[in-house]
Amino acid sequence: MNVFRFILQNRGQVLELTGEHLWLVGLSTLFATLIGIPLGIVIAHWPRLNKPVLASANIIQTVPSLALFGFLLPVPWLGARADRLAILALTLYALLPIIRNTYTGIRGVDPAVMEAGRGMGLTDLQLLLQVELPLAVSVILSGVRTAVVISVGLATIAAAIGAGGLGEFIFRGLAMVDNRVILAGAVPAAILALLADVGVGWLEKRLQPR
Amino acid sequence: MRAALQKSSVATVMIVVLICLFSYSCSQSHVDRVVIGSKNFTESLILAELLAQQIESHTKLKVEHRFYLAGTYICQQAILAGRIDIYPEYTGTALTAILKEKTGSDKQAVYQQVKSEYERRFNLTLGPPLGFNDTFAIEIRGEDARRASLKTLSQAAAFSPHWRAGFGYEFMERPDGYQGLAATYGLHFAEHPRVMDLGLLARALHDHQIDLSAGNATDGLIPALDLFVLEDDRHYFPPYEAVPVVREETIRQHPEIGLLLAELGNKVSDQEMRRMNYAVDGQHRDVKEVVGDFLHQNKLAP
Amino acid sequence: MQSRAATPVIEFRDVSYCVAATDVLRSLTLQVHPGEILALLGRSGSGKTTTLKLVNRLVSPTSGEVLVNGVPNTDADLTRLRRSIGYVIQEVGLFPHFSVAQNIGLVPKIEGWPEARVRARVEELLQMTGLAPELASRYPHQLSGGQRQRVGVARALAADPEILLMDEPFGALDPLTRDELQREFLSLQRRLRKTVVFVTHDLHEAMRLGSRIALMEAGKLVTILAPDEFLRSTDPWAAAYVKAFGDRLESTATEGKS
Chain A
158 MNVFRFILQN RGQVLELTGE HLWLVGLSTL FATLIGIPLG IVIAHWPRLN
208 KPVLASANII QTVPSLALFG FLLPVPWLGA RADRLAILAL TLYALLPIIR
258 NTYTGIRGVD PAVMEAGRGM GLTDLQLLLQ VELPLAVSVI LSGVRTAVVI
308 SVGLATIAAA IGAGGLGEFI FRGLAMVDNR VILAGAVPAA ILALLADVGV
358 GWLEKRLQPR
Chain B
469 MRAALQKSSV ATVMIVVLIC LFSYSCSQSH VDRVVIGSKN FTESLILAEL
519 LAQQIESHTK LKVEHRFYLA GTYICQQAIL AGRIDIYPEY TGTALTAILK
569 EKTGSDKQAV YQQVKSEYER RFNLTLGPPL GFNDTFAIEI RGEDARRASL
619 KTLSQAAAFS PHWRAGFGYE FMERPDGYQG LAATYGLHFA EHPRVMDLGL
669 LARALHDHQI DLSAGNATDG LIPALDLFVL EDDRHYFPPY EAVPVVREET
719 IRQHPEIGLL LAELGNKVSD QEMRRMNYAV DGQHRDVKEV VGDFLHQNKL
769 AP
Chain C
943 MQSRAATPVI EFRDVSYCVA ATDVLRSLTL QVHPGEILAL LGRSGSGKTT
993 TLKLVNRLVS PTSGEVLVNG VPNTDADLTR LRRSIGYVIQ EVGLFPHFSV
1043 AQNIGLVPKI EGWPEARVRA RVEELLQMTG LAPELASRYP HQLSGGQRQR
1093 VGVARALAAD PEILLMDEPF GALDPLTRDE LQREFLSLQR RLRKTVVFVT
1143 HDLHEAMRLG SRIALMEAGK LVTILAPDEF LRSTDPWAAA YVKAFGDRLE
1193 STATEGKS
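Protein chains in written order, with my numbering: chain A, 158 to 367; chain B, 469 to 770; chain C, 943 to 1200.
Heads up, a few of these hints could be off.
In silico DSBU-like pairs for lysine-lysine, Cα to Cα no more than 35 Å straight-line [said to hold, decoys possible]:
1) C:Lys-1136 / C:Lys-1162
2) B:Lys-767 / B:Lys-568
3) B:Lys-570 / B:Lys-530
4) B:Lys-767 / B:Lys-570
5) A:Lys-362 / C:Lys-1136
6) A:Lys-208 / C:Lys-1136
Derived list of chain A stretches under chain C, where covered just means 3 residues or more per stretch with a C-beta under 8 Å from a C-beta of chain C [claimed, not checked]:
7) 278–284
8) 288–296
9) 316–328
Just so you know, the hints here were simulated from the structure itself, not pulled from any lab data.
Just so we're clear, the structure is a prediction, and the values are computed from it rather than from any experiment.
Note that CB positions come from ideal geometry on N, CA and C, so glycine has one too.
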């Protein structure tokens, strides 16, 4: 219970670090969605691109996050600002679940529905926007949910390279050998991840086609 | 109706996102407060506490701490992003690690170079040096120094064949560490220097296991264990003067801070720093207390 | 078979379709006359579905031409072509995220019809296909199989196309519902006089609905005959079909034909 008193006493800083954390996660998820969903749509329609794209995203995922941060540090414009770097790395990590789920969601649309739509004279764009995407949106959101939860966790590591966020409490607490400080970072981060999971999950259910 | 539900869900999400981004950008404004950072070792904490108390006691500003940041790069990133406004740095470190320039030996020149580069590149500026130079210290036992009336490294070089040396791993490996030192002063130890854990060097020196070692000039154990720091008369080691790094924006918003930092200029000698380091590390006293006492004794507290 | 002076609505001229080294269709030559219901009858693999899909260019011929209203369908704009042809498939393929009304009204809506006109048309079609007006706001998963296919037909007719293509439309339904829908379809056709091509493997259905039956086997058109002629045909394939389907075909052949 010491922890909660500590958090309350330092709520200003906890909120500030939470804000930084949300900034990192929010921006990177946004970018990953803006890149990943179109990519997923492309490979769903041109299956020959499927393997190289998914394989690349997969490779990025297998690189340990701290190592990826380290790789990117020497890069000129990126390495100059840790938050830029962190946002790029987090975006890359969020890509795979989003691309893969977009691909699965669109491929999962009933072929009969697609055939009927095509036969009716809907253009490819109309099919995409009015049929494929609305029917795939729940699966796509599930990918976004995974991406957000991963990002909240990874963003705590980003503090190791100076990007701020709740991870900073964790690292500072380790240096200070003070559990309260560690938990002041870990607990809000865990809560954030939970909230994101539940929140996006709710949205998924809402938008599920019957 | 379905479409309406979908639209309201999307709207909710967008509003939540906007709130998050808005609250974040709000938290960035440091209009009525100052955030001070520090690295994660004792000396940095003491200096940051010094800056904090100096500002707190003379202004109405709310001072926040973001101490124990994991290193130079982290602090630099934090101050660039505006997450902290001030933190204590060393001129030599700033020059080599952040500006990635080659170092010189002239304290003044190094300070000026760092200051002007920081102002040019980062919109950061430096307060005046706090008064001590936390550079590498080549240490021998006090009794040896007194017996042979040794003061400088050049004098000590003659004794090197009779001595065993011990250094930390990093000092051995760095090009500006042992190799350069030995070359500059003509040091020829009987055996190859022993590589030891940093924390054990001072003890080993005191216990006659080694006769010469490299540590930090402001290490609290120097007076405590009666160790003597040989003068770097050939100026081999670059200067590592402690300076406060500040955001220009912070000075703009609170010009009084500039004056307060100037007041601290040259107030902390090598000896004073060692004393404070020892008080915290050796005597396990509270950093706040130690700094409070220092400010009081030097008539800096109001 | 009487020849008509009018241009055939659909015409196949020596059409072949080959895919993956298989000849799915071989030199198909066929005409569909205005207002008739042409049944494409055949076994699985006979090429009947492919023939259907060649009309609205869901499939493109390897050689030969398909003409719609005298114009090769490759010349026409694809979207316009498909929107002027109603398409009904066995699985129906209703959009699960659209209500019945939204499903039916989709083509008119994207054709830019004013909302009021779309609504009126949907009501009209619901009535035509024997669906209760309350069903307009229901979703496909809430409907029975028979109701779904009725919506499918309504949807295909929404923009009032001249041609209707149907691929085993009642195949997935139980016999009672199938019977019902077949009967209703006949009466609908009496009203609307569309040109219909429908695919089936069921001779009963072909007899009942078709004004002509085109028998296909292994990608070739074996024969085209009116139902009563089909029954008496000496063509080996036709005879085999008749035999396989047993009796009661006489009555089916004459039912509901005007």
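For each hint, the structure was consulted:
no., hint, result
1, C:Lys-1136 / C:Lys-1162, "holds, 26 Å"
2, B:Lys-767 / B:Lys-568, "violated, 38 Å"
3, B:Lys-570 / B:Lys-530, "violated, 38 Å"
4, B:Lys-767 / B:Lys-570, "violated, 38 Å"
5, A:Lys-362 / C:Lys-1136, "violated, 43 Å"
6, A:Lys-208 / C:Lys-1136, "violated, 47 Å"
7, 278–284, "holds (count 4)"
8, 288–296, "holds (count 3)"
9, 316–328, "violated (count 0)"
The structure does not agree with the numbered hints 2, 3, 4, 5, 6 and 9 stated previously, though it agrees with the rest.
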